[in-house]
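2 protein chains.
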Amino acid sequence: MAIKSLEDLFVETLKDIYYAEKKLVKSLPKMSKAASDEKLSELIMEHCAETEEHVKRIERVFDLMGKKPSSKKCEALEGLLKEANSVIDEIEDETVCDAGIVSSAQTVEHYEIARYGTLAAWARELGMEEAAELLDTTLDEEKAADQKLSALGESEENQRAAA
Amino acid sequence: MAIKSLEDLFVETLKDIYYAEKKLVKSLPKMSKAASDEKLSELIMEHCAETEEHVKRIERVFDLMGKKPSSKKCEALEGLLKEANSVIDEIEDETVCDAGIVSSAQTVEHYEIARYGTLAAWARELGMEEAAELLDTTLDEEKAADQKLSALGESEENQRAAA
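If you're matching them up, the sequences are chains G and D in order. Numbering-wise, the numbering used here puts 53 at position 53 of the first sequence, and it's gapless, one number per residue. Numbering-wise, the numbering used here puts 80 at position 80 of the second sequence, and it's gapless, one number per residue.
It is possible that some hints are incorrect.
Copies of one chain are not kept apart here, so a pair can be met inside one copy or by any two copies together.
Unchecked claim - Listed next, the in silico SDA-like pairs over lysine to any residue satisfying Cα-Cα at most 25 Å (straight line): (1) K67 to S155; (2) K72 to E94; (3) K33 to T137; (4) K4 to A49; (5) K4 to E92.
No lab work stands behind these hints, which were simulated from the structure alone. Remember, predicted model here, so these are calculated numbers, not experimental data.
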């Protein structure tokens with residue numbers, strides 16, 4: 001598709017994050033299973049449930065624009081997941097692997113924070129207030145997930161320090 | 001390299017961001033040249049100069065650990081740059097292309113924010129305060145760059161609205 005207007009760019013970016021969210025719904029359970037710390041494992045599964053809602057919100061945005069949802073391979077997420085999988089596959093020590101999982105998950109959250117921030121701003125510029133609100137809701141959940149991961153990373157550090 | 005300890009994971013992640021920063025020093029001038037808005041073009045070149053300092057700070061961290069700087073292909077950054085280049089190559093309209101460049105640059109900043117946040121926390125846990133401070137300095141510059149891009153994106157939106 002040729003991108004000629006801000007609306008085209010908005011739709012292409014929506015397809016990118018739609019691919020990313022659907023891929024994450026499939027990938028997060030593997031990440032959760034690889035985590036040794038129960039709290040980390042649960043946090044990732046909770047975020048997986050939120051991610052299913054993010055998929056539905058994107059479908060709602062497509063719907064508001066009178067478009068059928070479609071996705072486009074997100075090269076950035078593919079790269080982020082490749083790094084995350086190498087952490088899971090290569091690190092045997094449980095607590096070190098958990099530290100790597102927290103770190104990888106945060107790179108994914110930050111990718112999404114950047115994307116939803118842009119999409120919400122563009123939606124407002126295009127006069128799509130309802131879409132902007134849906135995107136803002138997801139943005140807030142991604143930021144909250146990043147903060148929960150930071151807090152968990154710190155508490156794991158304290159545990160390691162006390163061990 | 002087998003990752004067996006938090007120090008190993010720290011070093012592997014440092015190699016990842018070292019690759020990313022060196023690649024950005026080469027890639028940002030292309031992004032700057034592709035931007036039509038003079039302020040955006042300048043902002044990217046200013047950040048490119050900062051990025052050269054980020055490379056030196058990482059070399060200093062390797063040095064503090066008594067290690068020779070080395071890099072490891074950063075799949076995440078490769079994916080992010082692939083997306084950024086497709087924006088530059090596929091969008092003919094200047095203002096739409098600029099919006100895409102701001103958006104792509106912010107995904108890169110957020111990747112770095114996630115990485116430096118983790119690295120600084122791990123450096124502290126490993127008792128490397130001087131390294132942590134170097135990493136924090138870069139983290140602050142990445143956050144500032146992201147905020148400048150957001151502000152520029154908004155002022156461009158206002159210009160498009162007034163046009």
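Hints and how they fare:
{"no.": "1", "hint": "K67 to S155", "result": "neither (45 Å within a copy, 29 Å between copies)"}
{"no.": "2", "hint": "K72 to E94", "result": "between (35 Å within a copy, 23 Å between copies)"}
{"no.": "3", "hint": "K33 to T137", "result": "neither (27 Å within a copy, 35 Å between copies)"}
{"no.": "4", "hint": "K4 to A49", "result": "neither (35 Å within a copy, 32 Å between copies)"}
{"no.": "5", "hint": "K4 to E92", "result": "between (49 Å within a copy, 7 Å between copies)"}
Hint check: violations occur at hints 1, 3 and 4; the rest are consistent with the structure.
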